[in-house]
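Engineer: Spelled out, the chains give:
Number of protein chains: 2
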Amino acid sequence: MPQYDAYLIDLDGTIYHGKNPIPEAKRFVHRLQEANIPYLFVTNNSTKTAEAFAEDLTRLHGIKTSKEQVYTSAMATADYVASDSFKKGLKKVYLIGEAGLEEAFTRPEIQLVSYDQADYVVMGLDRSFTYQKLMEATFAIQRGARFIATNADTNLPSEKGMLPGAGSLVAALKTATGVAPTIIAKPEAPIMQGALKRLNNPKKPIMVGDNYQTDILAGIQNGLATLLVYTGVSTKEQIQQKEIKPTHEVEHFEQWSIK
Amino acid sequence: MPQYDAYLIDLDGTIYHGKNPIPEAKRFVHRLQEANIPYLFVTNNSTKTAEAFAEDLTRLHGIKTSKEQVYTSAMATADYVASDSFKKGLKKVYLIGEAGLEEAFTRPEIQLVSYDQADYVVMGLDRSFTYQKLMEATFAIQRGARFIATNADTNLPSEKGMLPGAGSLVAALKTATGVAPTIIAKPEAPIMQGALKRLNNPKKPIMVGDNYQTDILAGIQNGLATLLVYTGVSTKEQIQQKEIKPTHEVEHFEQWSIK
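Here the protein sequences come in this chain order: A and B.
Take the first sequence: its position 239, counting from 1, is numbered 239 in this note's numbering, and each next residue is one higher.
Take the second sequence: its position 54, counting from 1, is numbered 1054 in this note's numbering, and each next residue is one higher.
Hints are all accurate, no fakes.
Just some of the chain A residues that point at chain B, by a computed CB distance under 10 angstroms:
id, residue
1, 125
2, 128
3, 130
4, 134
5, 135
6, 142
7, 162
8, 167
9, 168
10, 169
11, 175
Hints are computed from structural coordinates only; laboratory data are not their basis.
Cβ coordinates follow ideal geometry from the N, Cα and C atoms, glycine included.
The following block holds chain A by itself, in its conformation from the complex (with noise of 0.2 angstroms):
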C-alpha cells in the first residue's frame, strides 16, 4: 500500500523551470508511473491548454502526458460554470482569456456571447487585455452578471520579468465593479474538488507543489495532505513563519519515497 492513493501535482517550479526540467521531477512522476498510482497535473495557468501542458511535458521535459493528465484552471472555471446553480440551463458567458480558457469553455452546456447578453463573465489571464473589455465587463457585472476568475496570481513568470497575472487584472474589475469575483484556481476549493472528482475521489489523495500561497494552502484548505518540494516559489525562511505547516517538505523529490 502507497503512503498516498492519489497525486495532484503543480507544474511550474515543481515538475519543471519553465523550459528547463528539473531530472528529479522527471523519475519521481516515472516512479508513480511504474507503481500505477493515480496522479494529475494541477495548474493555475489558464492561458494554455491541456494539449498543449501534456505537449511541453512530454516533448521538453521527457515526462509523457496525455491530455487527460492535466488539469487546469481553465478547464476547472468550465467545469464550474456548466454546473453552476446561478442560471439553468444555457450558460451565458461574457469571456476574457486566451485560448486555454476558450477551449475550455468550448461545451454544449455554454455559449459564448457579448457584454450586454451575458449571465457570467469569466476571467483569466489575458495578453490581448484592453480597457475596451475592462468597461464591457464592467457594464455587463452592473448589469447582474456573476464575475468568476481562474485566478488571482499576481505575477508570472516569463523570460522577460516577472508579467502582470491574472490576479492584476482581476484587481481591475473588482476595482471597477466593487464586487469581489469567486475564484476558482489555488487555492480556492473549486479547482482542487475538480481535480479530485476527475482522480474518482481518492480517499487518501497529497498535493504536491513549491508555492505555500497556492498549492500548500490549497491542500489545507480542502483536506489534503501536503507536500512541499523547495524547488521553487517558497523558501524555508518562509515556511518557518507559516503557523499551519505543509504535512511534509522535501528538498526535491529524491528525498520522497511513493511507498
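Keeping the supplied structure of chain A fixed, place chain B upon it in accordance with the hints.
Structural biologist: Quick look at chain B alone, frame taken from chain A:
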C-alpha cells in the same frame, strides 16, 4: 469681508452634471466673480486639458472661464513630479494616460521616455489601456521607477454607465508590482497644495464639492473649511454616518452666501 477668501471648487456633480448645467451653480460662480473672490476649479479628471474644461464651462454651462481657472489632477501630477526630489535634474517619465495628462507633462523639467529608461511611472485614466502598457509599467517599477497615480477614482460617470476609472487601472498595476502609488488627486494632499499655491496661499480657503470621499475629505485632511452641496454623489444619509462632518452643507448654491 467675505466668509472665505478663496474657493476651490469641484466640477462634475457640483458645477454641472456631465453636459447638463446646474443653474444655481452658474449663479454661484457669477456671484464670486462679481465679488472678486478668487476661485479655482479643481478636478480629479486627468483625461482633458484645462483648456478643454474652460471651453466646456464657457460654451455648455455659461460660466466664462479661462484655462488658468482650472486645475486638474493631471496638472497637479506634473507639478508634483517636476519638483520631486526622488531624481534630480530632468525627470524621465513613462506615461500612461490621455490628452490631459500628455499636455500637462509637456514641460521643460520632464522628458517622456519608454519604460526601460523611466525613473517615474505616471498613471491616469487611459481608455486606450492595454496589457502591453501594464506589462511595461510593471517592468519599470520592478527596475526601481517611482509609481505615481493621478487619482484613485474607481469609476467615471458616462452616458453609457459607470466606466472603470483610473483607480481600476491603478489597482492592476499595484497588484502586479506589490507597490502602492503616490496618489495626487483629491482627497490626497498634493493636488490641494498645488491648488492653494496657484491661489497664492490664501488665509481662509474653502473646498466645495458634492463628494464626501474626494472633495470633503480633501478639505478635512488638508486643513480647509468645506462646503458639501447635495447635487451629486453624496447623500444626507451617508453624511449622517460620518464622524467628521463637512463645515457646511447645502441642498444647492442658492442656500449659500459668499458674504
